[in-house]
Amino acid sequence: MLQTLKSRLPDRGEVMSVYAVILFFLFGWATIVFLWKFPAWLYYANLGEVAVFYLYTVFTEVLEGFFYLVILLLLCVLLPVSFFKEHFSVRGTIMGLALPAWLLLMQYFIAFHDFGNGLAVLLSALIAGGLASLWMWLSVKYAIFERVARLLVERTPIFLYVYLPLAALSLVILSVRNMGS
Amino acid sequence: MTKPFSRRDFLKTAGAAALPLLFPRQAFGLESALQNGKQPNILMIVLDTLSAPHMSVYGYPRPTTPALEKFAERSTVYHSHYAAGNFTTPATASMLMGCVPWTHRALNLFGLARRDLVGQNLFRQMGDGYHRMAFTQNMLAELLLRQFHADIDQHLPFTFSSQDVTTLGISQHLPNDSVDSFYAFDDFLATRRENDGPLAGSPLLGLLDILRKDKETVESDAYPLGVPFNNYYTYNNAETFRNILRVIEEARKGDKPYFGYFHLWTPHEPYRPRMEYFGKYKKDGYEPTAKPEHPLTETFRTEKNLLRLRQTYDEYITDVDADLGLFLDSLESGGALDDTYVIITSDHGQLFERGEHGHNTALLYDGVLHIPLLISVPGQNQRADVYTPTSNIDLLPSLVTLAGQAPDPASEGILLPGLGGVEDSNRSLFSLVAKNNSAFAPIQHASVSMIQGSKKLIYYLGYGAYDGKSELYDLADDPDEMKDFAASDTVTAARMKAELLSALDESNRAFSHKS
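Chain order of the listed sequences is A and B.
All letters in the first sequence, in the order written, are residues 249 to 429 by our numbering.
All letters in the second sequence, in the order written, are residues -14 to 500 by our numbering.
A portion of the hints provided could be inaccurate.
[Stated by the list, open to error] With a straight-line cut-off of 20 Å between C-alpha atoms, the simulated EDC-like cross-links for lysine to aspartate or glutamate are:
1. B:K454 to B:D474
2. B:K198 to A:D362
3. B:K267 to B:E254
4. A:K285 to B:E179
5. B:K440 to B:E408
Calculated directly from the structure, the hints in this document are not laboratory data.
If we strip away everything but chain B, and leave its shape as in the complex, we get (with noise of 0.2 Å):
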C-alpha cells in the first residue's frame, strides 16, 4: 500500500530543494571548502549530558560556557533543541538513526537499536563517498556504534584516549563479534554492574576484573574529586580533544571528507571538575526554582544535596567548556573551520529538581530532554538563532543531506533550518523513556513527552497509580515547568493527548500480537 504523502514528507521535500537556494554556497564560503572538489567534512562533537539549561551560551546565569559564547558567534544556535530520550541509549540511537526510540526500539540500558533497522545508520546513510570515523566513551553508545561497525570506516577503540582502565574489556579483543561477547563476557562473566547480580559468572574473570576496579578514583592535585571517569577508565578532557584532533588532522589529509562521529563521556558524572573550577559557584548567590519532589522520583534527593550537585556539575561543565575552546580554536587556527561543519551538541540532559538527580528516571522534564546544539558551516562568520522547536532526530536527514545524499524515506526527522529546513513551529516532537519495556513488546510502560510550539505535553503510561496522568506546561512563560495546566486547559491537553496516543498506537501496531 502507498504511504499517503504527509505533511512531514512535503516538509522533508521542501526543506531539501530549498536548499541551495536558501543557502547559496557563498553565503558561508563553500565554495572555497569546495574548491578542492571535496565535500566539506562534518565533525560532530556530542559531550554527553550537557543539559541546555545549565549552558550560559543559553542564557543559564552561571558563566558555565564562554567558549561556547565565542563560537556562537559564527555558528547557528538551535535554542530549542530536543533529545528523543533520556538517557545515552534511546537518545543516541535517536540521533544516530533518525527516528523516536519506539521505532528504533534501543529502549533499555544497555539495549540494542532493531537489527531490521541497524542498516538505516547515520554512517551508512553517509555513503562511502566519506571516511567515516566514530568514537565514543560511553559504553551505551558504543554498543550502538558496534552494531553500526560494518559502516564505520575508522571505529576508534572505546580505551582510545584512556588513563587506568579498570575492566578487563574482553569484548573490546573479539571485534568481529564485539556486542554479543559484551554481554557475555563485560555484563556476566567479568564485569559485574553495579546492583546487578551476584557476582560475576567466572569466578577467575571476576577476580581479575574487580581487581582492576581500586583504579577508579585516582586522586590527584588537579583534581579534587577525582581524575575524570567513565565507569571504564579514567580520563583527561584536554587530553582526549588532543587526541581527537590529532585523528581528524590525519584524516583532512585523506582523498575523501571525513564524517567524525565523536561522542565524549563528559560531563556526565561522576563530576570532577579541575581544580581551578572546584568551588568557583559555591555561595555565589544563585538560586534555581525549588520544585516539588514528584511521585516518580527515584533518587529522593533534598533540595540542599540537588543544589550542591547542581553546583559541581556546573563547575564540570564550566571545565569542559574551557577544554572545548582550546579544542575550537585550534581547529579555528588549523583552518578546519573553513572546510568543516562543526555540530556541538549532546544526547540527553541532566536533572536536579523534583528530587531526582540524574537522567535515567521517569522524568522528562527540560532539563534532561533540552539539549544544545550549535552548528558552524564551513566559512561562516556571523550569529544566526533558531527558536523553533528541533529533535536529535533531525541531524540524520541534515547530515545525509549535506553529504549529498539523499535521506532514507524510514527517517523521521526533517531537515534543520539552517542547513536547508523550513521552521515549523507547528511540528510535534517526541521524547520517550520505556526503559523497564521489552525492547520486543508494545509499549504500555513509558512517559513521553511531545512538544508543539511552546506546549509541552508529558504522559505517563503504565506507573501504577500514575497510569494515565498527563502535565501540561507553556515553555514560553513557564520554561521552569511549575504551572501544570493539564487540568485547566482541557482542550489543549485533550488533543495534545490524541496525537500523542495515535503515534504511539501506531509505533505498538508492528508489536501487537506480543501484547
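Just chain A, same shape as in the assembly (with noise of 0.2 Å):
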C-alpha cells in the first residue's frame, strides 16, 4: 500500500520545486500587503516589533505553502499519474499557483464586490480554474507556456535558501515570545 502510494508520488526535488514555487508566491502577496502595511505600522510600532510582525508572516506563509504542497500531492494520489504526476513540475506549479490566487480571488469578490459567499467561491474558482486550465492546455501547444513554468520551477528553489532558514528562526523567537505562564 505504502508502495503504491510512493509510485505516485513525485520526487522530492520536484516537490521541494513546486513548494519553492508556492512560496515564491506566497511571500511575494505577503510583501505587498506588508509594504502596503509598514508605513502605518511605523506611526506606533518600533522596528523591532514590525520585524516580530513579519516572523510571524514567515512562520505563516511556510505552514500555508505546506498546505497547499498536500494539496498537490493528495492530487497526485488521486488523478492519473500521465496527467498529473507525470507533469509535476508544470501543472503542480501551475496548480501550485492557481490554488492560492482562488483563494485571493475569493475574498476579493466578497470583500470588494460584496459578492455571497457562493457565488464568490464559484467565480473565484471558474477564473483560477480556468485560467489554469487554460495554461495546463497552452503548455501542450506552446512550449513557451511550458517554458515560463519551468522557469519558475527551477529558479525559485534558491529562495528556499532564504525561505526556511527564516522559518526556522521564526519558530524559534516565536517559540520564546509565547512561552511562559
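Reassemble the complex: the two chains are provided individually, in unrelated frames, and hints are given to aid placement.
This is the structure we're talking about:
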C-alpha cells in the first residue's frame, strides 16, 4: 500500500521545487500587503515590533505553503499518473499558483463586490480554474507556456535557502515569545 | 534636577491629605464596608462613545437616561467631565494611565501606549491588594489592556459574552504575545481592516476570516437594525451585564476586594436599539441647534442625515440605559452598593454636528469630549453635584488613592472633588487628537483643546490652510459652541494659546531629536 502510494508521488526534488514556487507566490503577495501596512505601522510600532510581525508572516506562509503542497500531493495520488505526476513540475507549478490565487479572488469578490459566499466561490473557481486549465493546455500546445512554468520551478528553489532558515528562526523566536505563564 | 513643587503637586498633596477630613467614612457608610477588614470594591463601567450632552441626567431634553437619573440620586454627578482624547485609543490610555495623550503617546487608531510608561497603568498602581479584573468589547481598548496584561489578575477574553464571532481572532489564542500577534494576524495576515490594504496577507487565513463576515448583520425581530455588533462579534447588552454581574459576584466572595474595569462597546455605532426603543424619538419635536459645516469635517453629512443618526443614537442610549438600570438594581438588591464604589463613565463622546458624524475626527467640540461621570461611594444615599471641570485622567490618582496606594507622581491627573480632591476652576484640562502624527515624533499635526473654567480654546496644528487657527468659546454662556470669540477676546485667546503651546512644547521636548 505504502509502496503504491510512493510510486504515485513525484520525487523529492520536484516536490521541493514546486513548494518553492508556492512560497515565492505567497511571500510575494505577503510582501505587497506588508509594504502597504508598513508606513502605518511605523506610526505606532517600532522596528523591532515590525520585525516580529514579519516573523509571524514568515512562519505562517511557510505553513500555508505546506498546506497547498499537501493538496497537490493528494491530487498526485488521485489523478491519473500520466496527467499529473508525470508533469508535476509544470502542472504542479500551475496548480500551486492557482490555489492561493483562487482563495485571493474569493476574498476580492466578497470584500470589494459584496458577493455572497457561494457566488464568490463559484466565480473565483471559474476564473482561477479556467486560467490554470488554459495554461496547462497551452503548455502542451506551445513550448513557451511550458517554459514559463519551468523557469519558475527551476529558479525559485534558490529562495528556499532564505525562506526555510528564516522560518526556523521564526519558530525559535516566536516559541520563546509565546512561552511562559 | 529636582522638579519644582508646582500648583498641581500642591493640589494633589492637599487633596490626598483632605480625603479623610472631608469625607469621613461614616458619611457614606464606608465603615460598614470596611468592617470585614476588606477595602471597598471598585467597579468601573465604561460605556463607549457615550456623550454627556445626549444624556437626560445632564439635562438633555430627550429622556435618554432615566436609570442613570435614578442612580444619580445616590451618586456624585460630575457635570463638566472631559475625555482627554476623542476616540478610544488616546482617551482610554489617558484614563488608564492618568496622563494626556501627548505623554502616553497612544495617538493613532490601533496605537499603543509608550512602552516605557506601561508600568504606570492603573492596574499596577492599584496594587496586588486588589483582585484586578478587566474586560472590554472594544479592540482598541483591548490592545491597551493586553499591554497591561501582566498587571491584571483576571483579564476576561475579548470575546467574553459574545454571540456570533465574525473574525478568526487568532491573537486571542496567543496570550503571551497577544499585542504583536494581533498586528500580525488580526490586522494583516487574516483580517483586512475596512478601507485598508489590498486584501489579507495570507490567502488561506484571509479567506477563513472573511467567510465569517456574513454574520455581521444578524437579523432579529427584536432588533430592527440588526443585533448589536462591535466590528468583531455580535452581542446582547442585557446578557453582557448579566455576565459581568456573575463575574463580580464571584469576585466579591474572594479574600481580596476587587477592582473591575468593564469597558462595553455600546452605545458605539452601529446604533442598534431594540424594537421597543426604535423610533421612540421620531418626530418628537426636538430640534438641536443646526451648526455650519467645519472646514476639517471628514464625513460631510447633511443636517437631515445628522438628525436621523442622532435620533437612532439617542434611542440606543435609552436602550442601553434600561439594561444598565437593571444591572444597577441587581447591584443594589445584592448589597453590592454598600461595599463597592461604582463609577460610570465613557471614554469619549460622539459628534452629530458641523457635517461630522462620529468621533474619529479632527474636531474637539463638546459632543465628543464631554462625557458622563457618576460615582457612587459605598453606602451613599444622597446626591452630590460637581460643576468644576474634571478630566478622565483624574480617575487614576483618585482610584489608586481609594485603594490605599500612593499614585505615581508622574500622573498628570489630580484627585477628583468628591473623592478627596478640591475644586479648582482655574485648572487647565487638555484633550488632544493627533491620529495622523507619529507616536515617536513631536506632535505637529493635531487638534488640542484646553478648558479653563468655562473657557474653551481649540487649537489646530498642521492642517494646511487651517494650521495655527484657534477657536475660543465660553461654555457657560454658549454650550453649543456657536460664538467663537477668538478674534474679539484676543487677550484671553492669546493667554490660553500661550499656555497650550507651552504645555505642548514641553511634551514635545522628549521627541525633539526626531523632528
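Structure-based check of all given hints:
| no. | hint | result |
| --- | --- | --- |
| 1 | B:K454 to B:D474 | holds, 15 Å |
| 2 | B:K198 to A:D362 | holds, 11 Å |
| 3 | B:K267 to B:E254 | holds, 18 Å |
| 4 | A:K285 to B:E179 | holds, 13 Å |
| 5 | B:K440 to B:E408 | holds, 16 Å |
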